[in-house]
Amino acid sequence: MKKNANNKISPVTASRGNGRKIKNDVIFIAALLILAALAALALFVFRSEGDFVTVTVNGQLYGEYSLSENRRVEINQGENYNILVIEDGYASIETASCPDGICSSHRPVKHGGESIICLPNKVVIEVHSASNGAPDIIA
Amino acid sequence: MKKRLSTKKVAFLGLSASLALLLSWIEFLLPPLYAAVPGIKIGLPNVVILVVLYLVGTKEAAAVSLVRLCVSSLLFGNPVMFVYSAAGAVLSLLLMILLKKLDQLSTVGVSVAGGVAHNIGQTVVAMLLLDTPQIAYYLIVLTVTGTISGIFIGLCGAFLTKRLSKTKFFHVNK
Numbered sequence: 015m016k017k018n019a020n021n022k023i024s025p026v027t028a029s030r031g032n033g034r035k036i037k038n039d040v041i042f043i044a045a046l047l048i049l050a051a052l053a054a055l056a057l058f059v060f061r062s063e064g065d066f067v068t069v070t071v072n073g074q075l076y077g078e079y080s081l082s083e084n085r086r087v088e089i090n091q092g093e094n095y096n097i098l099v100i101e102d103g104y105a106s107i108e109t110a111s112c113p114d115g116i117c118s119s120h121r122p123v124k125h126g127g128e129s130i131i132c133l134p135n136k137v138v139i140e141v142h143s144a145s146n147g148a149p150d151i152i153a
Numbered sequence: 003m004k005k006r007l008s009t010k011k012v013a014f015l016g017l018s019a020s021l022a023l024l025l026s027w028i029e030f031l032l033p034p035l036y037a038a039v040p041g042i043k044i045g046l047p048n049v050v051i052l053v054v055l056y057l058v059g060t061k062e063a064a065a066v067s068l069v070r071l072c073v074s075s076l077l078f079g080n081p082v083m084f085v086y087s088a089a090g091a092v093l094s095l096l097l098m099i100l101l102k103k104l105d106q107l108s109t110v111g112v113s114v115a116g117g118v119a120h121n122i123g124q125t126v127v128a129m130l131l132l133d134t135p136q137i138a139y140y141l142i143v144l145t146v147t148g149t150i151s152g153i154f155i156g157l158c159g160a161f162l163t164k165r166l167s168k169t170k171f172f173h174v175n176k
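Taken in order, these protein sequences are the chains called A and B. Using our numbering, the first residue of the first sequence is number 15, and each one after it goes up by one. Using our numbering, the first residue of the second sequence is number 3, and each one after it goes up by one.
Note that these hints are calculated values from the structure, not bench results. Model, not experiment: these values are computed from the prediction. Treat the hints with caution; some may be incorrect.
[As the list claims (entries may be wrong)] Calculated cross-link-like contacts (lysine-lysine; reagent style BS3-like; alpha-carbon spacing at most 30 Å):
| no. | chain 1 | residue 1 | chain 2 | residue 2 |
| --- | --- | --- | --- | --- |
| 1 | A | Lys37 | B | Lys168 |
| 2 | A | Lys37 | B | Lys103 |
| 3 | A | Lys37 | B | Lys61 |
Construct the complete structure from the given sequences, taking the supplied hints into account.
This is how it looks when you write it as structure tokens:
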């Protein structure tokens, strides 16, 4: 389907004698990394202590729990469960029935907008702060 | 008259698709690299897609990607995983095709864009499926890991393309 494909191929991928593209690559990659760094910085600077967590199961609100009192919440949905633990202002998932265990190995969260998400069980734990009207929106 | 697919091309694309599938499987077997953020992957099948994109053509790369996507979801996935993979694969493929046409970036840059686009696609689907915009936070980490793995995959793809284009197989007109 391509005529003279061979003549065209080598210059495209040659790593030498192709300075312009390599330079563009570097600029592109640097831009991506800087963007990510700026976003991370913005998140870090604008984060605020959370006051309560909301638990959402399958898009539906399951419950709201204050971070100021220690407690254990079992989020059951038939066979599946996630155990939410609130201790010393931090929320974490202690154990869960999901196969990957991503939620239970997630570090404890306490800042507004932070979340623990269990994709298999469709459970989302989200920290909110009462002081801020819209704590979840990234600056 | 309609142009027929040459036997050679059929064979090469079939081989590519099965190689991509094999790489998907290897990646599926690997443990998650960093459990706190789901979706961090090396993107091994993208090596094959890149090589086909550069050596054969756009339509062929799309076909190989589609076959890999469908068969890998059938074999080791579930419908939900299919939606995630499809969003990533389609967005990544479209962006890579576009960037290759624009001809401003080398294979590495195209691969990085593809990797990050894959992550963006999956994140957007997760946001929609779970109705949780906060998942966007993952993109910060995913952009960095996607870039790193994209560089690696891009280098692999570039070397492979370079070597393969010099072989006898690709010197005869398709």
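Taking the hints in turn, this is what the structure says about them:
1. Lys37/A x Lys168/B: Given that 30 Å is the threshold and the Cα spacing comes to 25 Å, the pair holds.
2. Lys37/A x Lys103/B: holds, 18 Å
3. Lys37/A x Lys61/B: holds, 28 Å
The earlier numbered hints are all upheld by this structure, with none contradicted.
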